[in-house]
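*Asks:* For reference, the chains in residue letters:
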Amino acid sequence: MALSLGELAVRFGCELKGDPDAQVDSVATLQNATDRAVTFLANPRYRRHLAQTRAGAVVLESRFAAECPVAALIAADPYVTYARIAALLFPEPQFPAGVDRSAQVSPQATIAASASIAANVVIEAGVRIGERVRVGPGCVVLADSSIDADTRLVANVTLCQGVHLGARVLLHPGVVIGADGFGLAPERGRWVKVPQVGGVRIGNDVEIGANTTVDRGAIDDTIIEDGVKLDNQIQIGHNVRVGAHTAIAGCTGVSGSTSIGRNCMIGGMVGIAGHLEIGDGVFITGRTLVSRSITRPGTYSGGLPADDVRRWRRNAARFRHLDELARRVEQLGGGKLGDSETEGEDD
Amino acid sequence: MALSLGELAVRFGCELKGDPDAQVDSVATLQNATDRAVTFLANPRYRRHLAQTRAGAVVLESRFAAECPVAALIAADPYVTYARIAALLFPEPQFPAGVDRSAQVSPQATIAASASIAANVVIEAGVRIGERVRVGPGCVVLADSSIDADTRLVANVTLCQGVHLGARVLLHPGVVIGADGFGLAPERGRWVKVPQVGGVRIGNDVEIGANTTVDRGAIDDTIIEDGVKLDNQIQIGHNVRVGAHTAIAGCTGVSGSTSIGRNCMIGGMVGIAGHLEIGDGVFITGRTLVSRSITRPGTYSGGLPADDVRRWRRNAARFRHLDELARRVEQLGGGKLGDSETEGEDD
Amino acid sequence: MALSLGELAVRFGCELKGDPDAQVDSVATLQNATDRAVTFLANPRYRRHLAQTRAGAVVLESRFAAECPVAALIAADPYVTYARIAALLFPEPQFPAGVDRSAQVSPQATIAASASIAANVVIEAGVRIGERVRVGPGCVVLADSSIDADTRLVANVTLCQGVHLGARVLLHPGVVIGADGFGLAPERGRWVKVPQVGGVRIGNDVEIGANTTVDRGAIDDTIIEDGVKLDNQIQIGHNVRVGAHTAIAGCTGVSGSTSIGRNCMIGGMVGIAGHLEIGDGVFITGRTLVSRSITRPGTYSGGLPADDVRRWRRNAARFRHLDELARRVEQLGGGKLGDSETEGEDD
Numbered sequence: 000m001a002l003s004l005g006e007l008a009v010r011f012g013c014e015l016k017g018d019p020d021a022q023v024d025s026v027a028t029l030q031n032a033t034d035r036a037v038t039f040l041a042n043p044r045y046r047r048h049l050a051q052t053r054a055g056a057v058v059l060e061s062r063f064a065a066e067c068p069v070a071a072l073i074a075a076d077p078y079v080t081y082a083r084i085a086a087l088l089f090p091e092p093q094f095p096a097g098v099d100r101s102a103q104v105s106p107q108a109t110i111a112a113s114a115s116i117a118a119n120v121v122i123e124a125g126v127r128i129g130e131r132v133r134v135g136p137g138c139v140v141l142a143d144s145s146i147d148a149d150t151r152l153v154a155n156v157t158l159c160q161g162v163h164l165g166a167r168v169l170l171h172p173g174v175v176i177g178a179d180g181f182g183l184a185p186e187r188g189r190w191v192k193v194p195q196v197g198g199v200r201i202g203n204d205v206e207i208g209a210n211t212t213v214d215r216g217a218i219d220d221t222i223i224e225d226g227v228k229l230d231n232q233i234q235i236g237h238n239v240r241v242g243a244h245t246a247i248a249g250c251t252g253v254s255g256s257t258s259i260g261r262n263c264m265i266g267g268m269v270g271i272a273g274h275l276e277i278g279d280g281v282f283i284t285g286r287t288l289v290s291r292s293i294t295r296p297g298t299y300s301g302g303l304p305a306d307d308v309r310r311w312r313r314n315a316a317r318f319r320h321l322d323e324l325a326r327r328v329e330q331l332g333g334g335k336l337g338d339s340e341t342e343g344e345d346d
Numbered sequence: 000m001a002l003s004l005g006e007l008a009v010r011f012g013c014e015l016k017g018d019p020d021a022q023v024d025s026v027a028t029l030q031n032a033t034d035r036a037v038t039f040l041a042n043p044r045y046r047r048h049l050a051q052t053r054a055g056a057v058v059l060e061s062r063f064a065a066e067c068p069v070a071a072l073i074a075a076d077p078y079v080t081y082a083r084i085a086a087l088l089f090p091e092p093q094f095p096a097g098v099d100r101s102a103q104v105s106p107q108a109t110i111a112a113s114a115s116i117a118a119n120v121v122i123e124a125g126v127r128i129g130e131r132v133r134v135g136p137g138c139v140v141l142a143d144s145s146i147d148a149d150t151r152l153v154a155n156v157t158l159c160q161g162v163h164l165g166a167r168v169l170l171h172p173g174v175v176i177g178a179d180g181f182g183l184a185p186e187r188g189r190w191v192k193v194p195q196v197g198g199v200r201i202g203n204d205v206e207i208g209a210n211t212t213v214d215r216g217a218i219d220d221t222i223i224e225d226g227v228k229l230d231n232q233i234q235i236g237h238n239v240r241v242g243a244h245t246a247i248a249g250c251t252g253v254s255g256s257t258s259i260g261r262n263c264m265i266g267g268m269v270g271i272a273g274h275l276e277i278g279d280g281v282f283i284t285g286r287t288l289v290s291r292s293i294t295r296p297g298t299y300s301g302g303l304p305a306d307d308v309r310r311w312r313r314n315a316a317r318f319r320h321l322d323e324l325a326r327r328v329e330q331l332g333g334g335k336l337g338d339s340e341t342e343g344e345d346d
Numbered sequence: 000m001a002l003s004l005g006e007l008a009v010r011f012g013c014e015l016k017g018d019p020d021a022q023v024d025s026v027a028t029l030q031n032a033t034d035r036a037v038t039f040l041a042n043p044r045y046r047r048h049l050a051q052t053r054a055g056a057v058v059l060e061s062r063f064a065a066e067c068p069v070a071a072l073i074a075a076d077p078y079v080t081y082a083r084i085a086a087l088l089f090p091e092p093q094f095p096a097g098v099d100r101s102a103q104v105s106p107q108a109t110i111a112a113s114a115s116i117a118a119n120v121v122i123e124a125g126v127r128i129g130e131r132v133r134v135g136p137g138c139v140v141l142a143d144s145s146i147d148a149d150t151r152l153v154a155n156v157t158l159c160q161g162v163h164l165g166a167r168v169l170l171h172p173g174v175v176i177g178a179d180g181f182g183l184a185p186e187r188g189r190w191v192k193v194p195q196v197g198g199v200r201i202g203n204d205v206e207i208g209a210n211t212t213v214d215r216g217a218i219d220d221t222i223i224e225d226g227v228k229l230d231n232q233i234q235i236g237h238n239v240r241v242g243a244h245t246a247i248a249g250c251t252g253v254s255g256s257t258s259i260g261r262n263c264m265i266g267g268m269v270g271i272a273g274h275l276e277i278g279d280g281v282f283i284t285g286r287t288l289v290s291r292s293i294t295r296p297g298t299y300s301g302g303l304p305a306d307d308v309r310r311w312r313r314n315a316a317r318f319r320h321l322d323e324l325a326r327r328v329e330q331l332g333g334g335k336l337g338d339s340e341t342e343g344e345d346d
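Chains as they are written, first to last, in numbering that gives the first Met the number 0: chain W, 0 to 346; chain G, 0 to 346; chain R, 0 to 346.
Just so you know, the hints here were simulated from the structure itself, not pulled from any lab data. Please note that a few of the clues may not be correct.
To be verified - No farther apart than 25 angstroms at their CA atoms in a straight line, the calculated lysine to any residue pairs in the SDA-like style are these:
id : chain 1 : residue 1 : chain 2 : residue 2
1  : R       : 192       : W       : 8
2  : R       : 192       : R       : 258
3  : W       : 192       : W       : 142
4  : R       : 16        : R       : 60
5  : G       : 335       : W       : 319
6  : G       : 192       : R       : 261
7  : R       : 192       : W       : 163
8  : R       : 192       : W       : 93
9  : W       : 192       : G       : 6
10 : R       : 192       : W       : 5
11 : W       : 192       : G       : 1
12 : G       : 192       : G       : 258
13 : G       : 16        : G       : 87
14 : G       : 192       : R       : 95
15 : G       : 16        : G       : 76
16 : G       : 192       : R       : 192
17 : R       : 192       : W       : 246
18 : W       : 192       : G       : 12
19 : G       : 192       : R       : 88
20 : W       : 192       : G       : 8
21 : R       : 192       : W       : 200
Claimed, not checked - Some chain W residues judged to face chain R by a derived CB distance under 10 angstroms, without partners named:
id : residue
22 : 27
23 : 86
24 : 88
25 : 92
26 : 209
27 : 244
28 : 285
29 : 286
30 : 306
31 : 308
32 : 323
33 : 325
34 : 328
Glycine residues also receive a C-beta, built at the ideal position from the N, C-alpha and C atoms.
Please construct the entire structure, taking both the sequences and the accompanying hints into account.
*Replies:* This is the structure in structure tokens:
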């Protein structure tokens, strides 16, 4: 699809510096853009590429407009404006309404006429599929689940029984929603399985990345609220609640019964223990271990950065004696340094 | 299914305080229970909810019975008793015997008459499927694997060739058993693949969570013993052995050729290096790095808890100079503090 | 397949100590080998098993030949030679050319006559499948992807649209290539999706382990160069580049736009932040957090090893006051210890 810069400026409320009739039909990075491509400058670390760009237009803040050698679309938030332009140039794929002949759909399922059920899909009894839903190839939807309008399961997604997806949800391949939580009761050296009889409720406008898993509740439901964005390979335990518009980066794990607030940003490979409360507006940087509740908004960290292996080993060896070191310093200097026993990790 | 409290008390050996004819048909949490629901008090942190519960019955220890405002089922281990009651109220789904028309089953496979093979399953030659086994939608069982009685593959599970599952095993969606281990021999800056010709043997009563992977052995088999419980998104490398009744929480990785003992409990996101021996009865808390063998039973930890980002950064920066700090203290105080070079992480 | 030791010696350039007519047909470990099996000694920690072995032949370095109680195949690099012998004894499975009747292949796809398309595969329009490619059961290949000769998708693999695989690539079950990257623009407390319009290009001779995910690029492509080996459950973010012949162990995550050099070795459960440059020949040990670029070849570490829980807690509690401790030491001793604020983790 080709659009003129004038159309883009009007549609997205940008000030245009350049020819309103110039046409663009693609997107590109500052370095690789040709004169038919829109690009953007959002992260100042890429500013050095601006002077050399050959883009058709650059979406940027007004403070960088003077440096722009080509047409500029001036926006208060260039990244958001770029995202909207890209969505216009690359519209979502359209899927044919109807059920592929190779799909196995229970006669006890209800499929909206405008829904698109792809090849080799399996849909069990009691399932309800809303308008314009796309269930991509190889997906399995077990009994009594429901999917609201305009949701898309890309391919090879599994919904276990009794899972409810809101509208405009996007699930990438390999996602599993509603597998049993890790509920075990110990009895004389063996494990008794605790039946996982809760469900999963996913709100509207949720996106879940490839191979991420969200377990069903043990008794009550696991809940992912509206607008939550989960990256790839995340594990969400049973009875977790993730508050609206929270984003979680890849490989993070959230243990059972923890509640995360709204508008949080949680980095990659973070580990969050079970039965905690994380408040609204909490930012957690990558690789942090969260073993206690966090009630105050703010940024929390917990990862030690890489170092040369020899220096790392010397320091790591000293860490094993840190308490002794601190005691020695207390003896030398008289004073007491913080607490020890009471502030460690507690599970 | 509805049951009377009297029946439950007799069946599970509980002392009943309350009306033996009262009927229950569901389970609930203490807070949300209605008068047809059974609930339980196991974790003392939920004791504060006991006085307000409206449950049909609460399974609890005798020491809490006096505080219970509704019928009480008194049990020595309320969580185990609750698990058994829930399993009775919510029996496992029953699956129809036979092979779905859309399943692709090799004529060289042997399928017990009572087994249930769902839609879009693929079963290759030489596979043996035992009595009452359920192979759910979308599962793939490659050549020469075998599955013993009463095992269930929920959906979209993959068994590679020559994998052996015991009886009453439960595999959740996205599980992959028997993919090649990471066996590579370096040769002049390139990697030569080491054929992975071992298999995988999974014992009886094993449960494996969604998207967990267990690699096949390089030469001998990878072994998961009876009663092991693996949560979601765990990676078990080639030739690992996990001892009977050990439980491992989500996102943990175990590198090749490591042996874990019986009755261990390993937390989430733990990383265990290869070629180690972990003894019986070892507990490892979440996010620990295990880089050496652990021979003594006990609890081991290794995760630093989250802190406010500013304080964290100051401390992390100091960590880079911890050895220097310790040397300075040694100079100031005369004595020597532990060892350094010899005790660091060794791979 | 049975082979004589004489054939093996000639074929792989080994010196043979033993009967050239002795036949072998399997591989085994030193401990479990029978007289028809080839085994090897590469890791000196297994040398203690050499004297007792009953193998048909042991591949080893000349310095261990005198200790070998059975036939020896003397090789400069026993592990590589063993790998080649094992590949000869256990040839790759052969798959029948043609498209299984149950596969759903678009008439707009191009499938080489020698390719093997298994049961319940879905291949969309515009896909190109090269000679002798195997697409295993349950795989989904979305529109406009291409797969070069001799590549194998084992089973239940998903390629999203516009993914390009080189020749002799091996993808294990559950792999997802080309799902959307985690591109989000914040706008007034909500997230605007940034369309992910780049692709993924995978080079030749790449192997990718079970349930690993490689995201498509946001604008340009995500690139995995020739000879890269990725273990299981790895997450590769959008626009990452992994240089040729780099190997990455399981559960590692690489955030978006990071570039990793050639011939790197990255351990398991490593977390690498986004927008970094890792040079050629960098080794990173398991569980390290990489939050800054690494330009010099060398070995880098970042994991603190497990300790007894009581000692760990005392030391972890002291860590929270490490900066205060260092200041105290500075006061006591006069001098300044490294820097603090400037060297911490920076994202």
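*Asks:* Taking only the CA atoms, is the gap from residue 192 of chain R to residue 258 of chain R under or equal to 25 angstroms?
*Replies:* holds, 24 angstroms
*Asks:* Hinted pair, alpha-carbon criterion (25 angstroms max): residue 192 of chain W, residue 12 of chain G. Please report holds or violated.
*Replies:* holds, 19 angstroms
*Asks:* Can the hint on residue 88 of chain W be confirmed by a CB-to-CB distance to chain R that is less than 10 angstroms?
*Replies:* OK, holds: residue 88 of chain W within 10 angstroms of chain R, min 8 angstroms.
*Asks:* Interface hint check: residue 86 of chain W, Cβ to nearest Cβ on chain R, cutoff 10 angstroms. Holds or violated?
*Replies:* Nearest chain R Cβ about 5 angstroms off; hint holds.
*Asks:* What's the verdict on residue 192 of chain G and residue 258 of chain G, does the C-alpha distance respect the 25 angstroms limit or exceed it?
*Replies:* holds, 24 angstroms
*Asks:* Are residue 209 of chain W and chain R close enough, Cβ to Cβ, to be under 10 angstroms, as the hint says?
*Replies:* holds, 4 angstroms
*Asks:* Against the 25 angstroms threshold, does the CA-CA distance of residue 192 of chain W and residue 142 of chain W hold or violate the hint?
*Replies:* It holds: about 22 angstroms lies between the C-alpha atoms, which stays within 25 angstroms.
*Asks:* Grab the minimum C-beta distance from residue 92 of chain W to chain R and call the hint holds if it beats 10 angstroms, violated otherwise.
*Replies:* Holds: closest Cβ of chain R sits about 8 angstroms from residue 92 of chain W, inside 10 angstroms.
*Asks:* Take a quick look at whether residue 192 of chain W and residue 8 of chain G sit within 25 angstroms of each other, Cα to Cα.
*Replies:* holds, 20 angstroms
*Asks:* So if I understand the rule, the pair passes when the alpha-carbon distance is 25 angstroms or less; does residue 192 of chain W with residue 6 of chain G pass?
*Replies:* With Cα atoms ~21 angstroms apart, residue 192 of chain W and residue 6 of chain G stay inside 25 angstroms; holds.
*Asks:* Is the straight-line distance between the alpha-carbon of residue 192 of chain R and that of residue 8 of chain W 25 angstroms or less?
*Replies:* Satisfied, since the Cα-Cα distance of roughly 20 angstroms is no more than 25 angstroms.
*Asks:* Holds or violated: are the alpha carbons of residue 192 of chain G and residue 261 of chain R at most 25 angstroms from each other?
*Replies:* holds, 18 angstroms
In this structure, the one hint that does not hold is number 16.
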